[in-house]
Amino acid sequence: MATTDADTEAAEGFEAIIQVDALETLFEAVNTLVDECKINLTDGGLEITAVDPSNVAMVDAELDAAAFEAYQAGGGVIGVNVDRVLDVLSVPDGEELAQLAYDPATRKLVIQAGGFEYTLALIDPETIRQEPDLPDLGLEARLVIDGGQLDRALTAAGIATASSSHKSGHMRLQVDAEAAVCHVVAEGDTDDVDYTFDTGDAIDMTIGPADSMFSLEYWNDVATPIDDDARVSIRIGEEMPARMAYSAIDGRLHLDYMISPRVGQ
Amino acid sequence: MATTDADTEAAEGFEAIIQVDALETLFEAVNTLVDECKINLTDGGLEITAVDPSNVAMVDAELDAAAFEAYQAGGGVIGVNVDRVLDVLSVPDGEELAQLAYDPATRKLVIQAGGFEYTLALIDPETIRQEPDLPDLGLEARLVIDGGQLDRALTAAGIATASSSHKSGHMRLQVDAEAAVCHVVAEGDTDDVDYTFDTGDAIDMTIGPADSMFSLEYWNDVATPIDDDARVSIRIGEEMPARMAYSAIDGRLHLDYMISPRVGQ
Amino acid sequence: MATTDADTEAAEGFEAIIQVDALETLFEAVNTLVDECKINLTDGGLEITAVDPSNVAMVDAELDAAAFEAYQAGGGVIGVNVDRVLDVLSVPDGEELAQLAYDPATRKLVIQAGGFEYTLALIDPETIRQEPDLPDLGLEARLVIDGGQLDRALTAAGIATASSSHKSGHMRLQVDAEAAVCHVVAEGDTDDVDYTFDTGDAIDMTIGPADSMFSLEYWNDVATPIDDDARVSIRIGEEMPARMAYSAIDGRLHLDYMISPRVGQ
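Residue numbers (the working numbering), protein chains in the order written: chain A, 278 to 542; chain B, 278 to 542; chain C, 278 to 542.
Here chain A stands alone, though its shape is the one from the complex (with noise of 0.2 Å):
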C-alpha cells in the first residue's frame, strides 16, 4: 500500500515555544494561498511548501529555529488546517507564547497558551498534494522595493484594469534597460498605468532583460500579508514566472513565492 511508504515520513514527536504573532505571520503567509497544508518538522525548523488550487503560484515558507524559545523536532509531516490554526492563534495576545506539542500516538497537535489549550485534529498529509521545490529560473532582472510600495503599485495596477468589462486584470512587470527603470505597468479598455521605479525609488534594482504579464488576482493575495517597511524582492525574466521574496520576524522567518506567467496575451 502506497500508506506504508508514506509512513516513514509520518512525524515524531513534536515540541516547540514560540510567541504567537510569530507563528501568525507564518501561518497569514501561507493562507494566501492554500487553506490546507503540510508542515515539515525539520531540525532547523518549521518548513512549508504550498501551491494554490489553480496552479499558477507556490510558496516556500521556513521558519528557522532560532525564531522559537524552544524547539525539537524529530523530523517528519504533519498536516493542517490553516483557517482553524489561525482562528486559534487569535485567541491568545500576540505577545504571550505558546505551547505546540504534537502527539503521534493521537495524531493531534495541542496549542496551548496560559490557560487555554486546545486540542487540533490534524489532516493526514497524504491527502495534502506533495509540492515540488521551487526551481531555478535564472531570472537576472530584480527590483527590491519596500512593501508599502508594492502594494500600491498594485493599487494602481488594479484601477486602471477596472476600467474593463470583459477580462480579469493583467499587470505587466517590465525593465527598461536603457533607461534603467523597472515598470509595473497595466492596461484596461480606456485607461492606464505605468509606476516606474528607477534607481533612487527602489532599495535596489538590477537591470537585467525582462518583460512578463501576470494576473493581478495573484499578485494582491501574496502581498496583503507584507508590511510596509518589509524590503520585498522581485526577480523578473522575459515570459517567465515571478519570484517574490521576504523575509519577516527579524529575519527568522523566510518567504518565497513564485507566480506563473499569464500566456498567449
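Derived by calculation from the structure, the hints in this document are not laboratory data. Beta carbons: idealized from backbone N, C-alpha and C, even for Gly. Take these hints with a grain of salt, some might be off.
[As the list claims (entries may be wrong)] Covered by chain B, per the in silico footprint, the following chain A stretches (three or more residues, Cβ under 8 Å):
hint: 1; segment: 364 to 374
hint: 2; segment: 386 to 394
[Unchecked claim] For lysine to any residue, the following SDA-like pairs were computed, each having C-alpha atoms within a straight-line distance of at most 25 Å:
hint: 3; chain 1: C; residue 1: LYS385; chain 2: C; residue 2: GLY290
hint: 4; chain 1: C; residue 1: LYS385; chain 2: A; residue 2: SER440
hint: 5; chain 1: A; residue 1: LYS385; chain 2: B; residue 2: THR473
The hints should help you fit chains B and C onto chain A, whose structure is shown.
Okay, now just chains B and C, sitting in the frame of chain A:
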C-alpha cells in the same frame, strides 16, 4: 377588564437627568436579550427584568437613582423599544447630560440633550410579558474573572465547536475541586478546547460542586457589552442554571443574568 | 451640427500641480451628487457644476488657482468619471503633489505622483448635461453651524423617520422669529424629533421667514464629506429650495449646494 387592574401600575410622571453613556450602558446590557422591555420607575432607580424570547437567559438590571444628576419617579411601569432608545442616545455625545421626562397623559417619553429633543412613543407595558424574579439557586461554586478573560474563553470555545457541522456550539463549565481549578470546556467533532482558570488566573474562586453544559450562543450574547476590565462573577452548580453578575458606572448599575443549562446532552 | 458650436469650448492644454488631498476634497464633494461631471478649466481655477440625476440637488464647486502649486489652463471643458478619479487619487499619499496634464490631441488626462502615472480616458463633455447657474433665491433666513452640529441634527431626524414604514424620511427647516430659533424637525409615524438651534448654539443666525420641507436623503448625501469643524452656512425660505455653502482647503475650495424642497406634503 384586565387592563383596569393593570392601570394601578401605570406610570406616574417621571423626570430625570443623567449622563448619556450611563443610559447607553444600561440599555446595551438589556439589548443582549430583548428588543423591547418594561422599565420599573421605582424610588430607588430604574429596574428592568427581561427574558429572551427562547426563555434561556434572563437579565435583572438596576440603575441606582444615585447614578442620576436628578431623579424623580412616582412609581409604575413604562414599555420601550430598546433598539430605538439606543439609536436616540447615539445622537448626543456620551458625556452630555440627557433629560428624560415621561408624561402619563401623552404616554410619550421626551429625551432631551442640548437643542436635541426626541419624543419617543412608548409601548403598552401590558403587551410585554411579566417576568419572574431571579430565583435563588443555591449555587456554591463561584469564579470571578475580568471581562477580557471571559471573552477569550468564549472565543476559544467557539473555535472548537466550529469544527462541528451538525449541532450548535455547547460549552461546559466545570469545577475540579481537587485541582482547585475551573474549566471552560468545548468539544467539536474533531477539535476540543479547555480554558482552565486556577486561583492565580482568577480574581477570586470558590470551589464547589459544579458541572453544567450551556449553549455558547447565549453566553456570547450577554458577554458582548462587558468591558475587558469589568469584574465578572459567575456562579455555577451541577446541571443548574448559571448566574453571571457584574457592575458598571462606578457600581451604580447592577447587572445580574441567569442562563439555563442544556439538558440531555 | 450642434457639436460644431460645442467645439468652441473644447479644452485647450491644461497643466497643474496640487496636493493630492485637495483634489480629493473637491471630487468627494461633487461625488455626493454625481458619478460623472464636467470641469471648466478657467483662468481662475477649476469650476464644476452638477445636478443629481433626480434634479433635486445641485452643486457649484470652485477650486481657486491659488490652491495649486502651479496652474495653467487655456479654458474649455473636460468630462471625467468622478469615481475613477477618486480611485486614482487614493494611490498616492494625501500630502504628495500630483501633476495633472491634459492633452487635447489624445483627449486623455495624465495624473502623475512620484513614479505613478495614470492615463485617464475622458468623457465627451457633450454627453454630460449642461447645468444652469445656481439661481439667486432671495433667501432671507440663514443659519451658520459647524459640520458636526449638522451631522447630529440629520442623524436625529433619521431616527425619528425610521419609525415610519410607508414613506421615506422628510425633514422640516423652520425659523421661529419670535423665539429667535431655528428648528430641524422630523416626524415619524410614532416618534418625532426637534433639533433647535438658538443664537447661542449657532455660529451665526439671521432670522427671516422660513419653513420648508426636504427629503432627508439628499441632505445626508451632501453633508457626508463635511468636516466636523467646517463652518456651514444654510439659507432657507418659505417652501423654497435651500442653499448650503461651506469652504475647505483654507478657503480655496468653495462649495455651494442647492436642495429643492418637497412639495405637497
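Verification of the hints:
For a cut-off of 8 Å, the count of residues in the segment 364 to 374 of chain A with a CB near a CB of chain B stands at 5, and the three-residue condition holds. For the segment 386 to 394 of chain A, the stated coverage by chain B is satisfied: 4 residues place a CB nearer than 8 Å to a CB of that chain, which reaches the threshold of 3. Among the hinted pairs, LYS385 of chain C with GLY290 of chain C is consistent with the structure: their alpha-carbon atoms are about 11 Å apart, no more than 25 Å. With a C-alpha separation of about 14 Å, the suggested pair LYS385 of chain C and SER440 of chain A falls inside the 25 Å cut-off, and the hint holds.
Between LYS385 of chain A and THR473 of chain B the CA atoms are separated by roughly 19 Å; this keeps the pair inside 25 Å, and the hint holds.
The earlier numbered hints are all upheld by this structure, with none contradicted.
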